[in-house]
Amino acid sequence: TQLLEQSPQFLSIQEGENLTVYCNSSSVFSSLQWYRQEPGEGPVLLVTVVTGGEVKKLKRLTFQFGDARKDSSLHITAAQTGDTGLYLCAGELGGYNKLIFGAGTRLAVHP
Amino acid sequence: NAGVTQTPKFQVLKTGQSMTLQCAQDMNHEYMSWYRQDPGMGLRLIHYSVGAGITDQGEVPNGYNVSRSTTEDFPLRLLSAAPSQTSVYFCASSYVAGAGDEQFFGPGTRLTVL
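In the order they appear, the protein sequences are chains A and B.
Once you know that position 78 of the first sequence is 78 in our numbering, the rest is easy, because the numbers rise by one and skip nothing.
Once you know that position 69 of the second sequence is 1069 in our numbering, the rest is easy, because the numbers rise by one and skip nothing.
One should not assume that every hint holds.
[What the hints assert, rightly or not] Calculated cross-link-like contacts (lysine to any residue; reagent style SDA-like; alpha-carbon spacing at most 20 Å):
(1) LYS98(A) / LYS1009(B)
(2) LYS98(A) / GLU1030(B)
(3) LYS57(A) / GLY1100(B)
(4) LYS98(A) / ILE1054(B)
(5) LYS1009(B) / GLN37(A)
(6) LYS98(A) / THR51(A)
(7) LYS98(A) / ASP1101(B)
(8) LYS98(A) / ASN1028(B)
(9) LYS57(A) / ILE1054(B)
(10) LYS98(A) / GLU1102(B)
(11) LYS1009(B) / PRO39(A)
(12) LYS1009(B) / GLY40(A)
(13) LYS98(A) / ASP1073(B)
[Said to hold, decoys possible] One side of the interface only, derived from the structure: several residues of chain B facing chain A at Cβ under 10 Å:
(14) GLY1058
(15) PHE1090
(16) LEU1111
No lab work stands behind these hints, which were simulated from the structure alone.
The beta-carbon is built from N, C-alpha and C at its ideal position, and this holds for glycine as well.
Generate the whole structure from the sequences, applying the supplied hints.
Written out as structure tokens, the structure is:
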């Protein structure tokens, strides 16, 4: 059983469309991180959210941390082909930067 | 600044063989960790270290050993490889082990156990 449920697992959209990826858990996290991973490479950090209710924007990407620090979402506006990749959410549980990862959302943006 | 480096990039083992996956970082990071990534399961923490001489178990430690004799290096040892250990292994490091500190991941080692 995944401690951190990420949905959808796959997403195939046209360039210019909007999309939202969700991460949900019954556990409370001290922080929640979003990563993007390209084939054959390690994950690269996009953003960290720490405070319940926090919203962070990174150009066309908007990240939100739930008020109870149990869930998070990633919203991409006007997707581009360069957004194609695997998006991973990871919650810090138990301190020491120990991360629990979601299974990932594989996004394909078509021209 | 090379960041986090891992060797080898690919490895094929037979059941029962042993090997060491190497990980090094040149950023003077205190915290280092090992994850494995399997299809449909995301990354799972194997072992971590909060500084030289200090290691602890993560979510899936069985079958793996680690040591941290220097700040720079954090090798992962498989004493007797099993097919269930076929996976992609990632090493990561961060400056401190604080909440939300950015972790930098290496490029991964793809391991196949026959």
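*Quickly compare the C-alpha distance for LYS98(A) and GLU1030(B) to 20 Å and report which way the hint goes.*
14 Å, holds
*asked:* Under 10 Å is the threshold here; is the Cβ of LEU1111(B) close enough to any Cβ of chain A for the hint to stand?
replied: Given a least distance of 14 Å, the restraint on LEU1111(B) is violated.
_Against the 20 Å threshold, does the CA-CA distance of LYS98(A) and THR51(A) hold or violate the hint?_
Cα-Cα ~18 Å, so holds.
*Given the hint that LYS57(A) pairs with ILE1054(B), does the C-alpha gap stay at or below 20 Å?*
37 Å, violated
*Pair hint LYS98(A) and ASP1101(B), alpha-carbon separation not exceeding 20 Å*: 11 Å, holds
*Decide if the proposed pair is consistent with the structure: LYS1009(B) and PRO39(A), CA atoms, cutoff 20 Å inclusive.*
The hint holds at about 13 Å.
_Distance restraint between LYS98(A) and ASP1073(B), which requires alpha-carbon spacing of 20 Å or less_ = With Cα atoms ~19 Å apart, LYS98(A) and ASP1073(B) stay inside 20 Å; holds.
*Quick one, are LYS57(A) and GLY1100(B) close enough, alpha carbons at most 20 Å?*
With Cα atoms ~17 Å apart, LYS57(A) and GLY1100(B) stay inside 20 Å; holds.
*Going straight from one Cα to the other, do LYS1009(B) and GLY40(A) come out at no more than 20 Å?*
10 Å, holds
*Please work out if LYS98(A) and ASN1028(B) have their alpha carbons no farther apart than 20 Å.*
19 Å, holds
*Between LYS1009(B) and GLN37(A), is the straight-line Cα distance small enough, at 20 Å or below?*
Status holds; Cα separation ~17 Å.
*Given GLY1058(B) was flagged as interface, is its beta-carbon under 10 Å from a beta-carbon of chain A?*
Cβ of GLY1058(B) sits 6 Å from chain A, so the hint holds.
Taken one by one, the earlier hints fail for this structure at numbers 1, 9, 16, listed in ascending order.
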